[in-house]
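Given next are the chains, with one letter for each unit.
Protein chains: 4
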Amino acid sequence: MNTELQPTSEQGQRFVALAEEHAADFATRADQHDREASFPKENIEALRDSGFLAAPIPEELGGMGVSSYLDLGIGMSRLARGCASTAIAANMHISIVTEMARLWRARDEQRDGAGGLMRAVAAKQVICCGPNTENGTDLQAPMTEAVPDGEGHYVINGRKAFGTLSPVADLLFSSVRIKDGDGYKSHLTIIPASAPGVQVMDNWDALGMRASGSHDVVFTDVRISQGSLLPGAPWNVYNAASAFATTAINYTLIACFLGIAEAARNIALEMAAKPKGPAGKRLADRTQIQHVVGEMEVDLAIARAVLERAGRLADDFYTRHPNAAAAGAGSLELAKEHQAMKYVLQRKAIDIVDKAMTISGGAGYMSKHPLSRLYRDVRAGPFMQPLGAYEVLDFAGRVTLGIEPPLER
Amino acid sequence: MNTELQPTSEQGQRFVALAEEHAADFATRADQHDREASFPKENIEALRDSGFLAAPIPEELGGMGVSSYLDLGIGMSRLARGCASTAIAANMHISIVTEMARLWRARDEQRDGAGGLMRAVAAKQVICCGPNTENGTDLQAPMTEAVPDGEGHYVINGRKAFGTLSPVADLLFSSVRIKDGDGYKSHLTIIPASAPGVQVMDNWDALGMRASGSHDVVFTDVRISQGSLLPGAPWNVYNAASAFATTAINYTLIACFLGIAEAARNIALEMAAKPKGPAGKRLADRTQIQHVVGEMEVDLAIARAVLERAGRLADDFYTRHPNAAAAGAGSLELAKEHQAMKYVLQRKAIDIVDKAMTISGGAGYMSKHPLSRLYRDVRAGPFMQPLGAYEVLDFAGRVTLGIEPPLER
Amino acid sequence: MNTELQPTSEQGQRFVALAEEHAADFATRADQHDREASFPKENIEALRDSGFLAAPIPEELGGMGVSSYLDLGIGMSRLARGCASTAIAANMHISIVTEMARLWRARDEQRDGAGGLMRAVAAKQVICCGPNTENGTDLQAPMTEAVPDGEGHYVINGRKAFGTLSPVADLLFSSVRIKDGDGYKSHLTIIPASAPGVQVMDNWDALGMRASGSHDVVFTDVRISQGSLLPGAPWNVYNAASAFATTAINYTLIACFLGIAEAARNIALEMAAKPKGPAGKRLADRTQIQHVVGEMEVDLAIARAVLERAGRLADDFYTRHPNAAAAGAGSLELAKEHQAMKYVLQRKAIDIVDKAMTISGGAGYMSKHPLSRLYRDVRAGPFMQPLGAYEVLDFAGRVTLGIEPPLER
Amino acid sequence: MNTELQPTSEQGQRFVALAEEHAADFATRADQHDREASFPKENIEALRDSGFLAAPIPEELGGMGVSSYLDLGIGMSRLARGCASTAIAANMHISIVTEMARLWRARDEQRDGAGGLMRAVAAKQVICCGPNTENGTDLQAPMTEAVPDGEGHYVINGRKAFGTLSPVADLLFSSVRIKDGDGYKSHLTIIPASAPGVQVMDNWDALGMRASGSHDVVFTDVRISQGSLLPGAPWNVYNAASAFATTAINYTLIACFLGIAEAARNIALEMAAKPKGPAGKRLADRTQIQHVVGEMEVDLAIARAVLERAGRLADDFYTRHPNAAAAGAGSLELAKEHQAMKYVLQRKAIDIVDKAMTISGGAGYMSKHPLSRLYRDVRAGPFMQPLGAYEVLDFAGRVTLGIEPPLER
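Protein chains in written order, with the numbering used here: chain U, 479 to 887; chain P, 479 to 887; chain E, 479 to 887; chain R, 479 to 887.
Derived by calculation from the structure, the hints in this document are not laboratory data. Accuracy of the hints is not assured; some may be wrong.
Which copy? The list can't say, so a pair holds if one copy fits it or any two copies do.
With a straight-line Cα cutoff of 20 angstroms, these simulated DMTMM-like cross-link-like pairs (lysine to aspartate or glutamate) come out [claimed, not checked]:
#  : residue 1 : residue 2
1  : 657       : 699
2  : 759       : 683
3  : 846       : 763
4  : 846       : 514
5  : 846       : 683
6  : 754       : 694
7  : 519       : 658
8  : 657       : 488
9  : 752       : 488
10 : 752       : 794
11 : 602       : 590
12 : 519       : 537
13 : 519       : 763
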């Protein structure tokens, strides 16, 4: 009996199978890219060439037609088993394209733009990236600013952090603030990576996810046309509309961390089953190791369950509510469930890797051992946006109690 | 957006709606039955009269035709919101009838017997009960013994504990051991509650679940015919066949404890929203209370997710594998997932009630307050069979590592 | 090797030995008082007659001269092993007398009053009680009000909850608010229990601590003289002075819950070591039970360690700083350590009782089993003042970060 | 009010002050040594020159005379705040010398040898190291074997792992097994690092503790005299004598991990208090960050409390019981308390660093940030001997229940 998560659609099955194929390949290079902190350009090219990067795109636009968030999440978790850095890098693109596909299916006013972009992606001409985080502020309050130049263009200055996938991006979907009366509005812009003034800093050197190319991206007097500006939203506010916009789009990112946990667990099980040292004993035969494996399995059961349930809820919700206005306060309820899922899954993923490390004995602590990489990679989880891990409980409580604003900052 | 668990079939929807109706009624008497430790006979009659007790029975046999374990579990969780004692009492019957329905659908050799029994249940003539626990031994190793009298009958002596629903039972499905060579076999028997020598001890007086009528049931020289003896199984062994036989049948029991948690949570939210004391402050407005509510919601998200996933896995598994032999070792894998679910859900249910108590301030600690009942009821959870809570991690570890036997005792 | 907590002074050793004697006696009646919710008047009389109630009083005033908070706490934990209700009832008196002794040693301006009171206690003439909690407000913000009658007296109206020990109290140390300009000041008053208008409501009926006599105490037009009014403090503020005043005084109360945990643990160990049921198996021989016992021991090691360390810190701190002004902000640091201790100890005590319940199997769930009483008693812990369990983490964080006020409400 | 752990003797105070001085110095080089995985030879030399490495040696033999395990542990925790790798390297030597001092004070038969060694250490001529761990076996069952050559010498072959401090060691205290009838005995030997056949492999490359020089040490036909063989003990047995021999000697090692946690906590507090990013917000002003800080403080309170209590218990125990025979089964009780302490402290240290990472935001995840080093260093904790973290609960349970052998393997 296979108790791994299973996709719910035929398209999903194809996507998951493809993810597993890529993962097997990427796993062979994961340690080296980690050691060298080198960007696995060849992996992204393979994903582009196989059509993986076009997975969420409707079949009529040339994609794989995977429309279920759950199925997309499962596929991304499988990919992350091979190389977590590659998975979160690929996810930067996948989540943007998933959102394009949603707009297209929802017959949103941005449908045409989204359609065009997806055709380009399906034709393997474009890779998207969304560097949006900035140091010392929240996702909803970008300090990067776009100023009208009086001639119909905007000039952008600012610095983004954690620009995962930036080394190979063609288009940058970055948030800016624009003066609006006494305050600001927040806008997403589409900036060609080749535009003058765009600089990918090549400065990513971190504890984990070292091959993800999460460099800073600096904008110095970058000029964009009005047409590159997507519709605005309130600045420095996290509300139902923010929840609608950010919940589903982050689902596949969180799913990657399940894959890390599963990879660590599989390594640990393999180690436990092998005779070890000159005495030739198997760890699997120790009752205490059996106990730790049991803890790991229970954590895994939780992680899989919350990811599956959140995926089903999202699939149902976004199908019923094609846009934020129609979704209303329900968006906050969905966000609550997804943030709870994230909170739980990221912690359980860390726990699972930790237990795998325990099972490994000192071996997993060695630099050359893949567990030492997974231990570093998995800790990136709690930093994932849109809410910090430390904000989730308050947010969940406030939404449940109907306190406004839903998030205290 | 409703994030409660939702049934997957039309029959399930009717069942859940009926459960909610009954729960609203039972809630009005729950505290009194708890205080008096009285058996809510009127509740069981209402469940019988409404057809609730025939829910798992195929429509062609006169039942509601709810065949999904998940849907049955959701319904039982709703019922438990009103009165947990009634729910676990009703569940004793429901789980036996669910198993009859499975045998019938699986075209098992016991199909005819099962069919007859179900018709009688649907006709409101029979209530089933399964007193099987015994003090100082495990479910797989009954010490209650049936001895052939040499004239084609068996004579049973022994004492069962936790005979929930026994005050109104017509048929007792109890396990016995029978000499088999040098050892024993374990058999389920069907014993009329009215048979000479059957004594329901009326001695249930416990911390919680006080209205569940979980009396000891004593068998003194009870004679049964060979026909009342179901096929035997190894004695004192927990193996794949035991797992097949006990996993699904216990699903609805565990589900009841979600209902307790949900009831406690709802009470706490209501209390937090009300102005309190002469100063008229709302607890909901304190950031720390919001935080505790957030913790409660996250725990609830976990509890619901693991219950849903285990239900889907069971629905899938028992559909694919109509009998234990065909299921093979997969039964242990399924049991692992269900035991992990039980382990998590029971602990989270306890945590949720505990946090509801915290939110209530001293009020919930008063005898007259429903939370003080829920606090006592929910602690019954970890005792639920077939495995003790303290056995789950070892079991999960051993199954995962392929260690035999799957359970160390 | 005895790893129980050990007193640090000779006086403490005598006190602890006396506590153990009383505990052995009280244990024989604890279940009955619990069942009947009757107040164990004979226990309090025994404690008075043996000199136990005069333990903190200096030897020159006729007491046992136990001046170490740690030693007092250890003694109270031993007493609670026998009957937790009696222990927290006795503690109401002990903690007030401990504070009197501190004032006397600190040569505070209230020294003479404190001395006189202690002599009366040592002469077995007076039992003190401090009903101060009120529903819907915090300890620092009593709504019970004292209004000057213009003739040099004050008239008090209000209602106190959780008036533990009130059935036998001679003097009530209760907080009131008094108008002070546009606001209020908070004062402790000394009210004879026999004063007209004082009513002990005989209404305590709770989940646990059922024999503690924690009735509501109602004040209706109770007149007190100005001399019965102790010096005022800011109303509705928790600051360094509040911390100084409430930290040490609550130490012995928290210590009682260690005793509950130790009693539960001892019962569980005894049960595990006994052959059980017709099969005569010992739970102690199961590896999983050994594991649960190990968890219980680790929790106990934590509980004892934090109680010991907090006691030593208090002993050191109050010796160095005889009054609040001299102590300054250090009082908040000490309060942080003590609140952290409380947070940990109360949770670990609950966990230990829960694990003892697990080890007991169903037996501990029966009403007649002492574990079912301990399970209910121990849950009172997180309600203990001055801060709610849900406030501790925020308080600790704010004190550490130097945020004012130290407690957000 | 200073709530750090405080030494109990004057010698301890001097030692702790010296540790703080060294820590401040070592902190300036810790990141570089970590990055380069270089051994901080200059640090060890500084520790030798200042007399730090002679701390446990009686004053009459030329040392600092710190005889309290608690005080030694506090000093090591302070040292680890600056550079954890240096601290655990220094501890290899310190713990051996501490044991020499114990033997000397206990007037053991090895007193003279111990005294001579300590004089040499005090004269800064000798650094000791104890490479004893081997892959695939337990500490009590070395596979490294010493075979008599028939001419009064022994020939040693085997491979030790985790030979912390080996780059600068003069003497290696390594365990070997020697045939004894049909079985083996386990002996500690003293091997000059310069002896022919001793090879320090220079192969330490790990996730954390990268500057600790924990290379493999290989013995190839190393010849030692009979005099270099310390008295034998049963092989592959963990009993009361093993507990006596290994409990105190490991205390200072565990203490180092408190220092890591304290360093991480201090860094996090500093970061929280600083305005951040272009918006200039302080994390300290967010209620959720205050909450996380509170969690960190509670964890720290636990870690300090268990370390202090275990230290006091050890100080008391080894004073009362100068040798293993006199200590009897009490050694297992003490070992239980120390293993429980280790289990708790190592986990809390990990939790504290994790929370510090959370507070840091993404900043702490960068390679150049000291938190990313502490995150890797602290994970070494659960691997520390003599028992694996996964063995502690079973061991504690079995000792408590009186099950033999005390450890199931």
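Hints, verified against the model:
For a Cα distance limit of 20 angstroms, the shortest separation of residue 657 from residue 699 inside one copy, 17 angstroms, qualifies, whereas the shortest one across copies, 63 angstroms, does not. Within a single copy, residue 759 and residue 683 get their C-alpha atoms no closer than 39 angstroms, and across copies no closer than 25 angstroms, so neither meets the 20 angstroms cut-off. When the C-alpha separation of residue 846 and residue 763 is checked against a cutoff of 20 angstroms, the pair qualifies neither within a copy, at 26 angstroms, nor between copies, at 41 angstroms. Within a single copy, residue 846 and residue 514 get their C-alpha atoms as close as 13 angstroms, and across copies as close as 16 angstroms, so both meet the 20 angstroms cut-off.
In this assembly of identical chains, the alpha carbons of residue 846 and residue 683 lie at most 20 angstroms apart whether taken from the same copy (18 angstroms) or from different copies (8 angstroms). In this assembly of identical chains, the alpha carbons of residue 754 and residue 694 lie at most 20 angstroms apart only when taken from different copies (17 angstroms versus 44 angstroms within one copy). Taking the shortest Cα distances, residue 519 and residue 658 never come within 20 angstroms of each other, neither inside one copy (40 angstroms) nor across copies (61 angstroms). Proximity of residue 657 and residue 488 under a CA criterion of 20 angstroms is satisfied in neither setting, with 47 angstroms inside one chain copy and 53 angstroms between copies.
Within a single copy, residue 752 and residue 488 get their C-alpha atoms no closer than 37 angstroms, and across copies no closer than 50 angstroms, so neither meets the 20 angstroms cut-off. Taking the shortest alpha-carbon separations for residue 752 and residue 794, neither the intra-copy value of 44 angstroms nor the inter-copy value of 33 angstroms comes in at or below 20 angstroms. In the homo-oligomer, the alpha carbons of residue 602 and residue 590 lie at most 20 angstroms apart inside one protomer (19 angstroms), although the nearest pairing across protomers, at 62 angstroms, exceeds that limit. When the C-alpha separation of residue 519 and residue 537 is checked against a cutoff of 20 angstroms, the pair qualifies neither within a copy, at 26 angstroms, nor between copies, at 59 angstroms.
In the homo-oligomer, the alpha carbons of residue 519 and residue 763 never lie at most 20 angstroms apart, since the shortest distance is 43 angstroms inside one protomer and 42 angstroms across protomers.
Consistency note: the structure conflicts with the earlier hints numbered 2, 3, 7, 8, 9, 10, 12, 13.
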